[in-house]
Amino acid sequence: MLIAVPSETHANEKRVALIPDSVKKLTKAGFDVHVQSGLGIRSGFTDEDYTAANASISTDRTALLGSGDIVLRVQKPTIEEVNQLKKGAIHVSYLDPYNENTLVDAMAERQISAISMEMIPRTTRAQKMDALSSQANLAGYVMVLLAVAKLDRILPMMMTPAGTLSPARVFVIGAGVAGLQAIATAKRLGARVEAFDTRPVVAEQVHSLGAKFVDIDLGEMSQTKDGYAVELTPEQLELQRLGMKDVISQSDIVITTAQLFGRPAPRIVTKDMVDVMQRGGVIVDMAVDSGGNVEGSVVDQTVDINGVSIIGVSNLPSEVSKHASQMYSANLFNLVSEFWDSKAKVFNLNLEDDILAGCVITHDGAIVNQTIKDLRN
Amino acid sequence: MLIAVPSETHANEKRVALIPDSVKKLTKAGFDVHVQSGLGIRSGFTDEDYTAANASISTDRTALLGSGDIVLRVQKPTIEEVNQLKKGAIHVSYLDPYNENTLVDAMAERQISAISMEMIPRTTRAQKMDALSSQANLAGYVMVLLAVAKLDRILPMMMTPAGTLSPARVFVIGAGVAGLQAIATAKRLGARVEAFDTRPVVAEQVHSLGAKFVDIDLGEMSQTKDGYAVELTPEQLELQRLGMKDVISQSDIVITTAQLFGRPAPRIVTKDMVDVMQRGGVIVDMAVDSGGNVEGSVVDQTVDINGVSIIGVSNLPSEVSKHASQMYSANLFNLVSEFWDSKAKVFNLNLEDDILAGCVITHDGAIVNQTIKDLRN
Amino acid sequence: MEVVFLTFILVLSVFLGFELISKVPATLHTPLMSGANAISGITLAGAFLSAGIGLENSQMAAYLGTVAVALATINVVGGYLVTDRMLAMFKSKKGGTK
Amino acid sequence: MEVVFLTFILVLSVFLGFELISKVPATLHTPLMSGANAISGITLAGAFLSAGIGLENSQMAAYLGTVAVALATINVVGGYLVTDRMLAMFKSKKGGTK
Amino acid sequence: MDIQLIANFSYILSAGLFIYGLKLLGSPATARRGNMFSAIGMLIAVVAGLTATGIVDFKLIILGMVVGALIGATAARMVAMTGMPELVALFNGSGGAASLLVGWGTLYSASGEPVSTFTAFTVILAILIGGMTFTGSLVAYGKLSEKISSAALVFAGQRFFNGLLLLALLASGVMLCLDPSPNSIWFWAVLGLSLLIGIMAVIPIGGADMPVVISLLNSYSGIAACAAGFAINNNILIVAGSLVGASGIILTNIMCKAMNRSLANVLFSGFGSVKQGKAIEGEVKPISVEDAYYILEAASNVCFVPGYGMAVAQAQHVVKELGEILQKNGAEVSYAIHPVAGRMPGHMNVLLAEADVPYEQLVEMDEINPRIENVDVAIVIGANDVVNPSAREDSNSPIYGMPIINVDQAQTVFVLKRSMASGFSGVDNPLFFNENTRMLFGDAKESISGVVSEFGS
Amino acid sequence: MDIQLIANFSYILSAGLFIYGLKLLGSPATARRGNMFSAIGMLIAVVAGLTATGIVDFKLIILGMVVGALIGATAARMVAMTGMPELVALFNGSGGAASLLVGWGTLYSASGEPVSTFTAFTVILAILIGGMTFTGSLVAYGKLSEKISSAALVFAGQRFFNGLLLLALLASGVMLCLDPSPNSIWFWAVLGLSLLIGIMAVIPIGGADMPVVISLLNSYSGIAACAAGFAINNNILIVAGSLVGASGIILTNIMCKAMNRSLANVLFSGFGSVKQGKAIEGEVKPISVEDAYYILEAASNVCFVPGYGMAVAQAQHVVKELGEILQKNGAEVSYAIHPVAGRMPGHMNVLLAEADVPYEQLVEMDEINPRIENVDVAIVIGANDVVNPSAREDSNSPIYGMPIINVDQAQTVFVLKRSMASGFSGVDNPLFFNENTRMLFGDAKESISGVVSEFGS
Ligand SMILES: NC(=O)c1ccc[n+]([C@@H]2O[C@H](COP(=O)([O-])OP(=O)(O)OC[C@H]3O[C@@H](n4cnc5c(N)ncnc54)[C@H](OP(=O)(O)O)[C@@H]3O)[C@@H](O)[C@H]2O)c1
Ligand SMILES: NC(=O)c1ccc[n+]([C@@H]2O[C@H](COP(=O)([O-])OP(=O)(O)OC[C@H]3O[C@@H](n4cnc5c(N)ncnc54)[C@H](OP(=O)(O)O)[C@@H]3O)[C@@H](O)[C@H]2O)c1
Ligand SMILES: NC(=O)c1ccc[n+]([C@@H]2O[C@H](COP(=O)([O-])OP(=O)(O)OC[C@H]3O[C@@H](n4cnc5c(N)ncnc54)[C@H](O)[C@@H]3O)[C@@H](O)[C@H]2O)c1
Ligand SMILES: NC(=O)c1ccc[n+]([C@@H]2O[C@H](COP(=O)([O-])OP(=O)(O)OC[C@H]3O[C@@H](n4cnc5c(N)ncnc54)[C@H](O)[C@@H]3O)[C@@H](O)[C@H]2O)c1
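Protein chains in written order, with this note's numbering: chain A, 23 to 399; chain B, 23 to 399; chain C, 8 to 105; chain D, 8 to 105; chain E, 7 to 463; chain F, 7 to 463.
It is possible that part of the hints are untrue.
[Said to hold, decoys possible] If you want the footprint, here are the derived chain F segments under chain B, 3+ residues with CB under 8 Å:
hint: 1; region: 264-273
hint: 2; region: 345-354
[What the hints assert, rightly or not] Far from chain D by the CB rule (all over 12 Å, computed), these chain C residues:
hint: 3; residue: I16
hint: 4; residue: E26
hint: 5; residue: L27
hint: 6; residue: P32
hint: 7; residue: A33
hint: 8; residue: T34
hint: 9; residue: T37
If you're looking for bench data, these hints aren't it; they were derived computationally from the structure. Remember, it's a predicted structure, so these values are computed and weren't measured experimentally. The beta carbon of each residue, even a glycine, is placed where N, CA and C say it ideally should be.
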């Protein structure tokens with residue numbers, strides 16, 4: 023079975039879908055792995071590294087795409103690329119199936135079995151394939167370091183002969199995987215960290231990292247069965263804004279990570295909240311890509327509003343591309359090997375399995391994913 | 023008595039000599055403080071902040087310079103500015119008296135009492151005025167964060183469902199004040215930290231921060247009575263290079279802080295050492311300003327040598343200008359108030375005092391500092 | 008022979024006394040002292056002999072014994088009660104803060 | 008009356024025994040057992056009476072006593088020696104690693 | 007002062023030395039000195055004993071002592087280090103036999119008259135306990151030295167038979183009390199039954215449990231000496247005997263705790279194995295902080311398995327401290343990190359790094375699992391899903407197929423959590439009901455702190 | 007069985023209850039129950055005591071008991087909480103007096119014949135110790151309730167006078183032994199001298215030390231009961247008395263340690279103050295981990311002052327733990343950070359943050375210094391230059407003028423370091439020789455761990 027890994031074409035994308043280490047494991051398991059020349063160069067892996075891991079290097083991207091029984095990549099393909107794929111191939115990548123209707127349709131048409139990495143269920147068993155988690159984790163770390171680099175003061179407290187430097191205050195909004203890692207990283211650097219999330223269960227998790235949970239009473243709250251946050255009512259959003267304004271006005275760094283899966287991100291930090299922040303403050307908006315949690319944040323830019331910097335980097339894991347690639351690659355490897363029947367040498371695309379039922383979007387010329395089907399109707 | 027604080031003119035200099043907080047304390051102690059308009063803008067302090075602290079704002083820089091009985095600033099003045107000073111005024115700033123012969127002569131001629139902040143003795147008593155320490159401390163922190171921002175991997179160890187990310191290795195060369203803070207900061211972020219210094223006493227201090235001291239036997243070593251390192255013989259330097267090459271080849275981040283006071287910095291990391299470092303590695307050279315510890319480092323640039331980035335930022339404390347200003351300002355305040363006779367309302371420039379004996383370079387038209395006098399002969 | 012036994016008992020009790028009181032928290036110093044003090048009122052059991060000797064046998068001994076009984080009883084009754092009061096207070100204080 | 012004293016002594020010694028052995032590290036379990044075992048050879052002091060009763064008084068008692076003396080002596084001498092050997096080893100091991 | 011009084015005061019002195027010696031024996035630093043004090047006490051007691059009235063003939067005494075001393079000293083010198091426990095068993099047996107004989111000898115009073123009922127009663131006790139100790143120790147010796155099969159020997163009707171023996175003993179005892187003559191048939195019955203009971207008590211116990219049995223028999227030999235003391239009215243026997251008896255019981259108990267067993271379990275496990283096999287599933291066995299201490303103190307390979315609960319309890323600092331204490335105590339210590347432990351990737355790493363646990367001690371799941379059988383105690387600190395064996399065994403479980411840390415295969419598992427509640431994925435955990443699992447309920451930080459303090463005391 | 011035997015076995019039972027009760031009294035959770043057990047033991051002993059042979063007349067006994075019970079109960083109920091210590095002193099005094107009277111009464115034996123020398127000896131002991139306890143307790147009561155001046159009362163020649171008293175007592179005692187009659191002049195001499203000695207022993211001790219004195223007198227009253235027991239041959243008196251005597255001594259010792267004093271220092275400090283004033287400068291006073299524990303256990307405001315040595319020892323984690331333990335124990339805990347402590351700015355902050363010490367507990371030098379007098383114990387952990395009082399006092403010192411943390415003004419200072427070596431600036435530190443300084447030598451981490459374990463046990 024042939025696994026094809028084309029280079030990423032997005033300008034911001036430094037990650038790769040497979041690192042040489044995973045290539046070696048896959049070839050050992052019996053796969054042929056073909057990678058495009060120059061694949062890993064932006065994450066520090068040379069073609070030689072891949073050759074050493076028993077991959078074949080291909081310079082013809084179109085041929086490569088057409089040859090793969092399984093195509094692995096990070097970002098979603100273009101429609102043209104879909105049509106270059108071998109019919110019936112398995113294509114694994116981020117896909118954004120909630121919004122990319124034409125792309126999904128094109129894949130169904132081409133009889134591609136499209137696996138969307140976003141749609142891997144958030145269950146304990148599936149966690150080793152869960153790229154959302156693995157990448158969000160790194161994003162949480164990166165966000166703090168971006169903020170710290172921008173800040174004109176240091177994070178930890180220091181009592182020195184030249185006076186006491188008080189610890190910086192960091193406020194993390196949304197304590198999912200990324201938010202928790204942001205909390206941990208800021209704590210490590212010695213900041214006073216506070217966090218807020220609409221899901222009340224998170225309070226304990228925040229405390230478990232030694233940070234403070236900001237209690238804002240929003241009335242009845244809940245989460246979906248998968249552990250995602252439900253959308254807030256406008257009144258609740260308003261309550262939340264008022265409660266947070268207070269905290270923000272005292273914070274040096276604000277980090278927002280509130281995303282609603284498949285839908286535009288909630289607007290949490292509004293202009294008036296930015297205004298109350300002190301000069302030199304820094305805000306990092308993780309959701310800048312899906313609409314932004316922060317009013318005024320711009321994709322891939324750092325905006326200055328009255329002395330407050332708003333950082334909006336869309337591809338945060340790419341900042342630590344080596345580790346991000348390593349983890350994404352491990353997720354892919356785990357996915358492939360979980361369903362690879364090494365005796366029969368087939369990929370066991372069993373749609374009864376709850377992981378595949380969740381993440382396979384198209385198969386055999388049709389959309390098979392229940393959620394996406396429901397969405398279309 | 024009038025204290026004048028002109029704006030800094032260096033492009034890289036975001037710090038200010040006095041922050042409003044210190045201004046308030048000085049005016050309370052009976053000083054008139056005049057500051058140049060826009061003084062603190064790059065560190066987040068507005069003219070209003072200064073007015074609120076009872077400073078007078080002056081827009082005429084020349085007049086301001088000429089009016090001050092005491093002139094406080096961060097960077098050394100130009101020769102023209104020396105000639106604009108009031109005769110007999112006290113001028114406190116960095117001065118680099120070892121190298122700035124003409125400037126020192128000009129100050130002597132103008133009968134300025136020039137205090138060099140670099141020359142404050144490194145004694146326990148003087149530590150509250152010791153700007154070298156306070157700024158080096160921040161520089162240590164900044165260096166790590168610069169390196170981390172550049173690195174394509176994360177620092178801490180993480181055992182995750184997508185595999186284990188091994189902790190990054192950080193190697194700090196020169197464990198003075200800046201080096202120690204760099205060690206502490208890297209440790210905080212979860213890196214494995216190793217350090218090296220030519221002064222053997224430092225080993226204990228390195229351990230005291232939980233890092234490992236790399237033992238390289240250089241034969242007989244010592245330090246000057248002030249605790250500075252002595253210059254190494256060429257053989258010792260060679261031994262050191264060999265020993266360190268090994269460590270460097272396994273490190274993700276190398277931070278060099280080895281400075282020899284008043285002389286060009288030792289060249290510690292040579293081209294061949296950079297070559298053995300793995301792709302994606304980062305080197306930060308603190309001594310880039312005084313000749314550089316690292317071969318190939320360029321002032322205020324990040325150079326890429328075979329995938330290894332060498333960062334050479336000359337004014338590191340400026341990156342956290344708010345806190346750097348706060349500390350520098352506290353150093354100045356402590357210096358002024360230590361020798362201010364509040365009853366007699368005079369600045370007690372007693373050259374018998376061991377602190378002043380160390381840091382006053384010129385007075386009453388002559389060079390009075392013993393070290394500088396010795397140097398000239 | 009009795010002396011031997013008595014000495015044996017003495018030695019053993021002394022050892023026991025040492026072993027029993029090892030690390031007492033400071034808050035318990037006073038109650039423990041007071042509780043031990045109440046035990047020392049055991050003299051009462053000895054005073055009975057004297058007080059009950061019968062006036063006809065020895066008036067002096069009987070009177071001395073009576074006073075001894077009274078004093079020892081004060082020690083016993085008062086001692087236990089006051090210890091208990093202290094400990095009760097202690098308990099409620101702890102309970103209150105917990 | 009003797010019984011009373013003896014019981015008193017018994018009770019006190021039992022309490023003491025309990026208090027004495029509180030937290031013994033695992034490495035000391037065997038030596039402690041062996042050391043205590045040696046003490047139980049105190050029967051020796053009792054066996055004297057029997058062994059020394061005089062053949063003329065009771066042959067049987069004397070012979071029984073003699074065997075008892077021998078057995079108890081084994082227990083005492085062997086017990087203390089073997090305990091000491093164990094502890095000596097223990098010590099040097101500790102010293103070695105430290 | 008008469009010599010009797012001096013002898014008696016010497017006894018008091020030697021009792022003091024025994025007590026002090028025992029105290030010192032409880033701590034490694036002073037143990038050897040303690041043994042010395044105790045030996046000096048013994049010397050004094052022996053010398054005092056020789057002055058007792060009623061001794062008319064020293065020949066036999068000296069003979070006995072010389073023979074005994076020679077045998078004892080030789081045995082103690084010659085034995086290999088590995089043979090010590092057997093030897094202690096033998097010594098113990100001879101102590102028991104001595105008490106038996108002393109009791110027996112008492113029946114032949116110098117005056118030739120029968121002894122009093124009370125004395126007879128104590129004599130019977132001395133014979134019974136001494137005899138049991140004697141034969142029990144011999145069996146224990148045999149099992150330890152593999153001279154006889156070290157397996158637990160059980161047969162059908164064993165309990166019934168033992169019950170009969172006890173009844174018979176009781177009956178003969180009563181009869182002997184009524185007519186306390188050494189020539190009475192009842193005497194021989196008591197003697198024989200006592201010896202038999204000692205054998206019967208020890209054979210159903212497996213060889214691995216012999217140290218506990220010896221410790222218990224040691225306690226018995228003390229009680230036998232005590233009984234003999236009552237019989238001959240000698241208070242040093244009573245004091246020393248009851249000291250040994252009481253401290254032996256305590257020591258036995260401590261040893262059981264260190265083996266994570268109850269005394270009853272040790273004594274009757276042989277019977278148990280006939281009766282009900284090994285399937286005692288479905289029972290939760292809580293453990294106290296103190297008992298956990300005893301087990302940890304004796305462990306030489308300990309593995310911590312932290313989970314989300316450690317984070318909630320913020321127990322990382324105390325965990326690190328316990329780890330250090332265990333290391334100092336000679337144990338190998340590691341921290342096994344499951345990749346999904348906690349609530350974010352690397353959650354455990356963050357916490358353990360904060361507590362400054364050296365990276366070298368962190369091991370991955372794949373690294374610890376192959377050698378988990380060598381782990382004496384796996385301490386699961388607020389982890390649940392990541393150690394749930396149903397992920398391995400139960401194909402209906404929602405987490406089936408997830409690799410876990412196989413703590414259930416360690417020798418002993420402590421699970422520290424506050425309740426029987428399930429973890430993140432809401433699945434029940436059969437680990438908690440395992441034979442070798444002990445639940446240490448309560449907040450993880452408090453529990454660990456508790457264990458740490460136990461180590462201090 | 008005869009009633010005497012029953013009574014005696016009851017004594018054994020009540021002795022057991024006393025022992026068990028005392029044991030329970032040592033821990034807060036069980037103390038109240040312990041007192042109850044002890045009271046039940048007393049009840050049993052009293053009932054058993056009433057059955058003693060030789061009691062022919064119960065009237066007086068009942069009279070005495072009713073009066074005593076009324077007074078005791080009323081006093082115990084009425085007293086204000088603050089008055090408890092005084093009351094305990096009074097109770098103690100009456101216990102002592104009772105022993106004295108019992109001893110005295112013994113001299114009038116029922117038979118009218120003079121008692122044996124041994125009995126006379128024990129009677130004298132009972133009178134002496136009982137009498138001392140009585141008057142000593144009264145004086146202590148007076149000092150505590152401020153009925154008499156609570157100051158230490160000393161006069162010239164006091165020691166000489168006390169010596170004379172003792173000699174006189176000895177002489178009268180010997181004479182009384184020779185002729186043990188209650189009518190002898192020697193008897194009155196012994197009685198009077200005993201009472202006088204009690205007074206003389208307590209007056210030179212200051213009011214603040216009275217709790218220790220009462221505890222000591224409590225121990226004495228036990229010994230007095232014990233002596234009375236010997237006099238009248240009653241073993242429950244001996245057991246209970248010696249229990250109280252021994253445990254009272256231990257308790258006294260513990261109390262002294264918690265006050266950072268030695269017993270001798272408490273008893274003779276009054277004399278000391280006459281002899282040599284307060285200047286005991288120049289002496290280094292090391293302290294053991296155990297004694298440090300006693301002081302910390304009783305402290306309610308503790309301030310840690312970390313320095314470079316804490317970093318070297320990597321003691322931050324244990325320090326944090328000790329801090330938490332002290333807080334749980336009810337103490338207020340803070341960490342005073344000197345700006346130049348350590349070897350880089352913020353060195354201590356880095357370490358304490360690593361150990362997760364809450365920022366709220368960190369206080370700056372300027373904040374702690376004004377309230378340092380309220381600190382019961384300042385624990386200097388490997389700091390030296392930053393707590394060197396010569397920076398404040400000695401204008402010739404190279405560090406003169408540097409502000410320091412004025413730990414020398416705290417109630418007690420513990421300095422944890424390995425030796426008497428000087429710090430970074432090489433200056434000698436007079437703090438180490440201060441009256442209120444205790445040096446806890448050794449690696450800081452080990453020392454603190456030691457104290458932590460003491461808290462556990
Ligand atoms: N690592 C990740 O990225 C991530 C992210 C999201 C979810 N998850 C999921 O989280 C789970 C992690 O497994 P886990 O074993 O670490 O945790 P877990 O299965 O959630 O179990 C945690 C256990 O800790 C106990 N606990 C809570 N507070 C405690 C306290 N103060 N003291 C003592 N015990 C306490 C709880 O029991 P009591 O209530 O009885 O005390 C609970 O059973 C997995 O299912 C994983 O899939 C992981
Ligand atoms: N903060 C800064 O930026 C900086 C930078 C450079 C220099 N300094 C200077 O460093 C000094 C700091 O004062 P300091 O009070 O923190 O430290 P210090 O005066 O240097 O004293 C440290 C003390 O710690 C003890 N110590 C070392 N290792 C120990 C261990 N393992 N356990 C217990 N004690 C140990 C040493 O005594 P033993 O050897 O007897 O144990 C020593 O006296 C000042 O003089 C300051 O000027 C500060
Ligand atoms: N089973 C597993 O092993 C596993 C693995 C990974 C994640 N998960 C779970 O999946 C869930 C989603 O994680 P995620 O990080 O992808 O979440 P996400 O990226 O969807 O959202 C990030 C966080 O923002 C919060 N949020 C949403 N709207 C908000 C608002 N208006 N204000 C404040 N906060 C808001 C959410 O509650 C969430 O915590 C979590 O419960 C996580 O524990 C489980
Ligand atoms: N008394 C005080 O309170 C006080 C305050 C601040 C600093 N100090 C002391 O002053 C001294 C200097 O501190 P600094 O940070 O300004 O030093 P620095 O900037 O002069 O040098 C930095 C470090 O580089 C080291 N170094 C020099 N050449 C080297 C080489 N070839 N290889 C490796 N390392 C080399 C030096 O030993 C030094 O540790 C230190 O001893 C410090 O403790 C004392």
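To see whether the hints hold, each was checked on the structure:
1. Note: the region 264-273 of chain F has 0 residues with beta-carbon separation from chain B under 8 Å; the three-residue rule is not met and the coverage is violated.
2. Residues of the region 345-354 of chain F with a Cβ under 8 Å from some Cβ of chain B number 8, which satisfies the need for three, so the listed coverage holds.
3. Its beta-carbon lying about 6 Å from the closest one in chain D, C/I16 breaks the requirement of being farther than 12 Å from that chain.
4. A cut-off of 12 Å between C-beta atoms contradicts the statement that C/E26 is not in contact with chain D; the least separation is 4 Å.
5. Not every CB of chain D lies more than 12 Å from the CB of C/L27, the least distance being 7 Å, so the non-interface label is violated.
6. The beta carbon of C/P32 is kept farther than 12 Å from every beta carbon of chain D, the shortest such distance being approximately 18 Å.
7. Annotated as non-interface, C/A33 keeps its C-beta farther than 12 Å from every C-beta of chain D; the closest such distance is 22 Å.
8. The beta carbon of C/T34 sits about 23 Å from the closest Cβ of chain D, which is more than 12 Å, so the claim that it is off the interface holds.
9. With 12 Å as the threshold on Cβ separation, the claim that C/T37 sits away from chain D holds: the shortest Cβ distance comes to roughly 24 Å.
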